[in-house]
Amino acid sequence: MTTKQTKHQPLSHLDWLEAEAIHILREVAGQCSNPVLLFSGGKDSLCILRLAEKAFRPGRFPFPLMHIDTGHNYQEVIDFRDQRAAELDERLIVRSVEDSMKRGTVVLKSLDEPRNKHQSVTLLEAIEEHGFDCCIGGARRDEEKARAKERIMSFRDEFGQWDPKNQRPELWNLYNARSHKGENIRAFPISNWTEMDVWQYIEREKLELPSIYFAHQRDVVMRGGAIVPINVPLMNGEVIMQPKNGEEVINMQVRFRTVGDITCTAPVISDADNVSKIVLETATTTITERGATRLDDQTSDASMEQRKKEGYF
Amino acid sequence: MSSNMQHNDSLLRFMTCGSVDDGKSTLIGRLLFDTKTILADTLTQISNTSKKRGMEAVDLSLLTDGLQAEREQGITIDVAYRYFSTGTRKYIIADAPGHEQYTRNMVTAASTANLAIILIDARRGVLTQTRRHSYLAHLVGIQHIIVAVNKMDLVNYDHAIYDKICADYLAFANEIGFAQARDIRFIPMSALNGDMLVDRLDAMPWYSGKTLLEMLEAAPAADVEVDAEFRFPVQYVCRPHASADADLHDFRGFMGRIESGDIAVGDAVTVLPNGYQSKVKAIQIGDLQLQSAQTEQSVTLLLEDEIDTSRGDMIVKSSSHVAPVKQIEAHVCWLSETPLSPARTYVIRHTTRESKAKVGTISYRVDVNTLEQQATTELKMNDIARITFKLAQPLMVDSYSKNRATGAFIVIDESTNNTVGAGMIV
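Heads up: the sequence lines are chains H and R, in that order.
To convert, note that position 120 of the first sequence is 120 in the numbering used here; the numbers rise steadily by one, no gaps.
To convert, note that position 145 of the second sequence is 145 in the numbering used here; the numbers rise steadily by one, no gaps.
Think of the hints as simulated: they come from the structure by calculation, not from any bench.
The beta-carbon is built from N, C-alpha and C at its ideal position, and this holds for glycine as well.
Misleading hints may appear alongside valid ones.
Derived coverage of chain R by chain H (criterion: at least 3 residues anywhere in the stretch with Cβ under 8 Å from a Cβ of chain H; other residues may be distant) [as the list claims (entries may be wrong)]: (1) 106-120; (2) 233-246; (3) 294-303.
Calculated lysine to aspartate or glutamate pairs in the EDC-like style (CA-CA distance at most 20 Å, straight line) [to be verified]: (4) 181(H) / 414(R); (5) 206(H) / 219(H); (6) 380(R) / 144(H); (7) 210(R) / 153(R); (8) 281(R) / 308(R); (9) 279(R) / 306(R); (10) 402(R) / 229(R); (11) 36(R) / 281(H); (12) 181(H) / 125(H); (13) 102(H) / 281(H); (14) 36(R) / 144(H); (15) 36(R) / 214(R); (16) 206(H) / 287(R); (17) 356(R) / 329(R); (18) 380(R) / 398(R); (19) 165(H) / 199(R); (20) 117(H) / 144(H); (21) 181(H) / 208(H); (22) 181(H) / 413(R); (23) 102(H) / 113(H); (24) 279(R) / 305(R); (25) 326(R) / 337(R); (26) 165(H) / 337(R); (27) 279(R) / 308(R); (28) 326(R) / 398(R); (29) 117(H) / 170(H); (30) 165(H) / 100(R).
Under 8 Å between C-beta atoms, here's a sample of chain R residues computed to sit facing chain H [unchecked claim]: (31) 78; (32) 81; (33) 90; (34) 223.
Using the sequences and the hints, build the whole thing.
As structure tokens, this is what we get:
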């Protein structure tokens, strides 16, 4: 039995994850001719922005930022998104699902329906409009079982489709981000991070976050076992998420573990009003991030797999 | 419960080798469950699925159930990655299917692992697949092997049966010549009952060795084991000459990940393949200035002299001798359904560098079950063969056994852009 000489201390897990993510971002920059970084203002994409700073400063980012706005986003998050892009002095492209609705490429069954899945259409339209050959995103493999088999550089065909049975093998850290015109790559620099890693990184790097991640008072109703925020004002002045007949409106102390489309993201009861309290809460929670907060993934055992096949992130 | 609290801990990547029948999914499910990684809603979900499938107890193997296509066929097709942490360490498990037709997935999983758990069913002992898994782990350079003799509950926890399996395995390991070179450990267990994984139950008082988790906690992380020389493939060059900040107009940062070795400010370096010499002026991660940096860190290097360097070049220490080569010999695992064609030109990606490549000779193909070397002229999916490639561009390579990062390459088919082969330089 042989063990090689230990020369130095191992990297801490956060240092290792950071080094891996920086390497992936630089591979995108080195291999792709027109990449874009998807940025929602959420915690995962805020980590990626910090990683991009470490990867490319003092230079500019070799890609613009892009947000696919469902129109159902919290004002605080949108403001934060704009503020962060301005602070970084990087270009922010916003494409909205509502524009796709106007074009007729997205047709809703009802105005209230969750628009997460319709983001795919708007995203593909934006990819085509700008000729992007790679989209960098903040998805993590621990989020959902269909993600556990996702590649770090994941190939999508001309229709943006993910074919789980026909993925490119990915070995060592030799990523293959090649694509033909019309096809594209989705690159996931924080694939190997867990929710805990993300919060610990936010704590270590002292990253600022939109306020709705922290405990605050909010009007909610209980619907089908989930906490549903109600009477949420949109940017255009409209107020969505009305309580249904007979539902009791409760004012609760809650926070969001994940930030997405208002209609399908539920808050959790929490008094964690700073990052270190959230790290502690994350360590002791008994419910998964998606399980607690996403109202759209539980319809079937395979709903995420299905949406990814259709071009979803 | 603070099982997920972790600060300044290291990271270990390992793989599991075995088939569904050996209890591999149960083992992973157990590790996740016993380290409290599985949260209540996931448990409820698999408990419901277990009932739907007519099972009485919660089937922990469902935790590793992945894609719809796999559930339909009741098998694992692809490599899945799982995560857990213990308070002192974060773990990444590469969970690969073990059947022969999935050799390529095992090679993929092994490529990032520093430790492999090889599962043996105590009722069946060392099988052909055990030999195949061991050979592949060996080929892909995994230093640490844990042979887990599982299902001890089904052989009455018989110490003699365990000892016989260990002896059989060692005999075979000696025969293929890796018992001396690798760190091999044995453990009896019952993944189903959770015995000897995280908890030690009282069924095997004759075993006083470490539990599986104790072994994992003690295994060295990959980055402290690489004793190879400094290798820094340039990924990207940062030249913010158009910046508003005049101080940056001459800034020229070489960005990349230290694949092996370490580097300090003042070290004399050579940039290959051109052979330019300079010294390290600064080492940075973002705003952070470092005096030295080590394996697996992603850094930016600034050199004393203005040198024309671009992506694909490699920075090494001037004391190190690396001769760029235009021919390589390697063990290649073929990954594609389209067989290797000696008539075609492929692209080889090695570190951050690419070269067109043509097959020179195919020396032999290895039967992964018998390890016999067979003459062949073609290479089909899952085949492993020893091949030479002729290269259009020089590559700066090391042998894979010395350096996994600079000894590895992938083969790309330019017509589809698919990754079709994985190579390990001899």
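Problem - Hints the structure fails to honour - result: The structure conflicts with hints 5, 6, 13, 18, 19, 21, 25, 29, although it agrees with all the remaining ones.
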